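Protein sequences, first through last, are from chains A and B. Going by my numbering, the first sequence opens with residue 1, and the numbers climb by one from there. Going by my numbering, the second sequence opens with residue 1, and the numbers climb by one from there.
No lab work stands behind these hints, which were simulated from the structure alone. All the given hints hold, so there is nothing to weed out.
Derived pair list, reagent style SDA-like, types lysine to any residue, alpha-carbon separation capped at 25 Å:
(1) A:Lys191 with A:Ser143
(2) B:Lys130 with A:Pro248
(3) A:Lys41 with A:Ile105
(4) B:Lys208 with A:Arg160
(5) B:Lys130 with A:Gln210
(6) B:Lys130 with A:Pro247
(7) A:Lys191 with A:Tyr245
Partner residues aside, some chain A positions facing chain B, computed with beta carbon under 10 Å:
(8) Ala167
(9) Ala219
(10) Val236
(11) Ala242
Computed from a predicted model, the values in this text were never measured in an experiment. Using N, Cα and C, we set each Cβ at its ideal position, and we do this for glycine too.
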Amino acid sequence: MTRFEGKFAVVTGAAGGIGAATAARLVAEGARVLLVDLQDKVAETAAALGQPSLALDISDADAGQRILAAALEHTQTIDVLVNNAGMGGSGPLEKSSDELMARIIDVNLTATMRITRDLLPHLTQPGGSIVNLASIFGILGASGTTAYAVAKAGVGQLTRQLAGDFAPRGLRVNAIAPGVVQTDMTADYFKDPRYRALHMDTTPLGRPGQPEEQAAAIAFLASDDASFITGVVLPVDGGYLAVRYLPPDAV
Amino acid sequence: MPDRFTGKTAVITGAGGALGRAVAEGIAREGGQLVLFDLSEDALAETAALCPGAVTVPGDITQAADVQRAAQVAQDSFGGVDLVVAAAGIIGPSCSAIDVEEEDWDRLFAINVKGCWLTAKSFIPQMRAKRAGSMVLLSSTAGMIGSPFLPAYSASKGAVVQLMRSLAIAHAPEAIRVNCVCPGTIESPMHRSNVDRFEGEAREALMKRLLAVHPMGRFGTPNEVAEATLYLLSDAASFTTGVALPVDGGRLA
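Bound-form chain A, shown alone:
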């Protein structure tokens, strides 16, 4: 696999889950990757891949500039930016404090805008590619997770917005919309019978997705294989969005 030979990528939220799987996939296909995460554990994840890392809160005002400075120690231009960092922990509106709403929207949406803006002058143009992390919950209404769903819908719209703005200079912008994925972030949800009934039983392929399957989709969109694809929010959801589904033996 050599789709990313000689390419440099930045992956945020790369300490574990989808971000770590994405970094591993890009490295396996030849890329150099800067792994960014809030958790110090990112250094371990990066070291195991033989790659540099940076621990910071992506919602800090200077996060973009610090990521840029760290990347430019290793490369002249950034070919791939994967805005993967995000957080759950959202709730229904009446239980959402100002602080919680601001934090969820800041981390999931505003930080993605800010970091993209700050890295933009150093993204390879033409030929570069940005992949954002939207969600099935930003496409369908998802009860009980107001701020998260609104932020993820914003990521989808940001993707379309930037695709149009950046297309003339040959910079592509896409997103994936993961469905139910087995990660540390979702481990607790998987124990909740209501979550299982609403989101796992209704996934037509009948199983949760794995981080590696999300990483493979991100790698496709980031690669030249997708050279005529921009402005797309690609579901990687086991068929969740295609229908209103219950398994044949459910009722």
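The hints should help you fit chain B onto chain A, whose structure is shown.
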């Protein structure tokens, strides 16, 4: 890239067309075996020449017996298919919907919609027997938004997307994935036949309008559509089903 399709058998309808041919070459390049189906024996032979070991079946996509014959050939030659690409299609008349002639409407729907249905009907049972498989139907950006210039084509491609969704849901429990690619304007004979209906300034105006609606400022290539198709066929897309993936330079965004 490693050989994503080693040990896999694919059938491609419309294999003599530009997109079908590009997909066929990609699968052959990555180790897959091929059953190629097309109405034109000449076009079929040209594609087969690029794909060593491919088996060809000339036939009419609108005739159940012809498509079933291709399925029988796939069964006899390779023990059935793992991958299905429904690329047979035509663009049909360019005029407002109320001016389309009945026979043109019927022919377009027979090829673009009934053809996909017959392909699914003939080949999904082979994938079901293996409890694995992936099918890609060629739709279009015109299947996602209306078109004042190609209303019949647009309606037919919309039908293909909805057929895809129903197939995806029906066969997900059997681990068969079904998706669409929705190309924008692609540099191909079909595109040229569309614009060549016009001459001089009218042709120029159409070309300009088509370019203007693609934010990337260019048309796609058959190879770019093929790469998206190969991705959806491959195990890299193992958690993606029921999706209509635009390959359109940003047109639908």
